[in-house]
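The letter at position 10 of the sequence shown is residue 10 when you use the UniProt record's numbering, and the numbering goes up by one with no holes.
In short, the hints are calculated from the structure, not lab data.
A portion of the hints provided could be inaccurate.
With a Cα cut of at most 25 Å, we get these calculated SDA-like pairs of lysine to any residue [stated by the list, open to error]: (1) 46 / 9; (2) 46 / 31; (3) 14 / 36; (4) 39 / 65; (5) 12 / 76; (6) 55 / 34; (7) 55 / 35; (8) 88 / 51; (9) 37 / 54; (10) 71 / 59; (11) 71 / 28; (12) 88 / 22; (13) 88 / 45; (14) 87 / 27; (15) 37 / 85; (16) 88 / 69; (17) 37 / 72; (18) 37 / 47; (19) 12 / 85; (20) 39 / 16; (21) 37 / 11; (22) 37 / 1; (23) 88 / 9; (24) 37 / 78; (25) 49 / 31; (26) 49 / 32; (27) 12 / 75; (28) 49 / 19; (29) 87 / 23; (30) 88 / 25; (31) 12 / 69; (32) 12 / 23; (33) 14 / 76; (34) 12 / 86; (35) 39 / 28; (36) 88 / 41; (37) 39 / 3; (38) 46 / 79; (39) 71 / 9; (40) 37 / 81.
For clarity, every value in this text was computed on a predicted model and none was experimentally measured.
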Amino acid sequence: MLSDIEIAQRSKLKHIREIAQDLGIPERYLLPYGHYKAKVDVNYMKDLKERPDGKLILVTATTPTPAGEGKTTTTVGLTQALVRLGKK
Numbered sequence: 001m002l003s004d005i006e007i008a009q010r011s012k013l014k015h016i017r018e019i020a021q022d023l024g025i026p027e028r029y030l031l032p033y034g035h036y037k038a039k040v041d042v043n044y045m046k047d048l049k050e051r052p053d054g055k056l057i058l059v060t061a062t063t064p065t066p067a068g069e070g071k072t073t074t075t076v077g078l079t080q081a082l083v084r085l086g087k088k
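When you get a sec, could you build the whole thing from the sequences and use the hints?
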């Protein structure tokens, strides 16, 4: 079994611009911090006013497992599952 660091080192990161494009976020609203992370300008919300409201999923609290899995792991896993189902 690979260690966490071995898994991380073997992973190929996707450029943040590609991720934003997949999500339909225009590049002009990205505030990059390197190649792999960014903040989204709060003004992007103004562009979304005319769109119908989406669905909100709150992950408020979970007790982490001994391996440290908690809200972040749950949120990332849920997001990956929704993407696989073709949801945005």
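Hints, verified against the model:
1. 46 / 9: violated, 38 Å
2. 46 / 31: Judged against 25 Å, a Cα distance of about 16 Å means the pair holds.
3. 14 / 36: holds, 7 Å
4. 39 / 65: violated, 29 Å
5. 12 / 76: holds, 17 Å
6. 55 / 34: violated, 30 Å
7. 55 / 35: violated, 29 Å
8. 88 / 51: holds, 13 Å
9. 37 / 54: holds, 24 Å
10. 71 / 59: holds, 6 Å
11. 71 / 28: Since the Cα atoms of residue 71 and residue 28 sit roughly 30 Å apart, the hinted pair is violated (cutoff 25 Å).
12. 88 / 22: Distance of about 9 Å is within 25 Å: holds.
13. 88 / 45: holds, 16 Å
14. 87 / 27: holds, 21 Å
15. 37 / 85: holds, 24 Å
16. 88 / 69: Cα-Cα ~24 Å, so holds.
17. 37 / 72: holds, 16 Å
18. 37 / 47: holds, 22 Å
19. 12 / 85: holds, 22 Å
20. 39 / 16: Satisfied, since the Cα-Cα distance of roughly 10 Å is no more than 25 Å.
21. 37 / 11: holds, 15 Å
22. 37 / 1: It is violated: about 28 Å lies between the C-alpha atoms, which goes past 25 Å.
23. 88 / 9: Violated, because 28 Å separates the two Cα atoms, which is more than 25 Å.
24. 37 / 78: The hint holds at about 20 Å.
25. 49 / 31: holds, 21 Å
26. 49 / 32: The hint holds at about 24 Å.
27. 12 / 75: Roughly 20 Å between the alpha carbons, so the hint for residue 12 and residue 75 holds.
28. 49 / 19: Holds. Residue 49 to residue 19 sits at ~22 Å (cutoff 25 Å).
29. 87 / 23: Given that 25 Å is the threshold and the Cα spacing comes to 10 Å, the pair holds.
30. 88 / 25: holds, 11 Å
31. 12 / 69: Between residue 12 and residue 69 the Cα gap is close to 22 Å, so the pair holds against 25 Å.
32. 12 / 23: Holds - the C-alpha atoms of residue 23 and residue 12 are around 19 Å apart, at most 25 Å.
33. 14 / 76: Cα-Cα ~15 Å, so holds.
34. 12 / 86: holds, 22 Å
35. 39 / 28: Satisfied, since the Cα-Cα distance of roughly 11 Å is no more than 25 Å.
36. 88 / 41: OK: residue 88 and residue 41 at ~19 Å, within 25 Å.
37. 39 / 3: violated, 29 Å
38. 46 / 79: holds, 24 Å
39. 71 / 9: OK: residue 71 and residue 9 at ~23 Å, within 25 Å.
40. 37 / 81: Given pair residue 37, residue 81 holds - Cα atoms ~21 Å apart, limit 25 Å.
The structure fails to meet hints 1, 4, 6, 7, 11, 22, 23, 37 from the earlier list, while all remaining hints are met.
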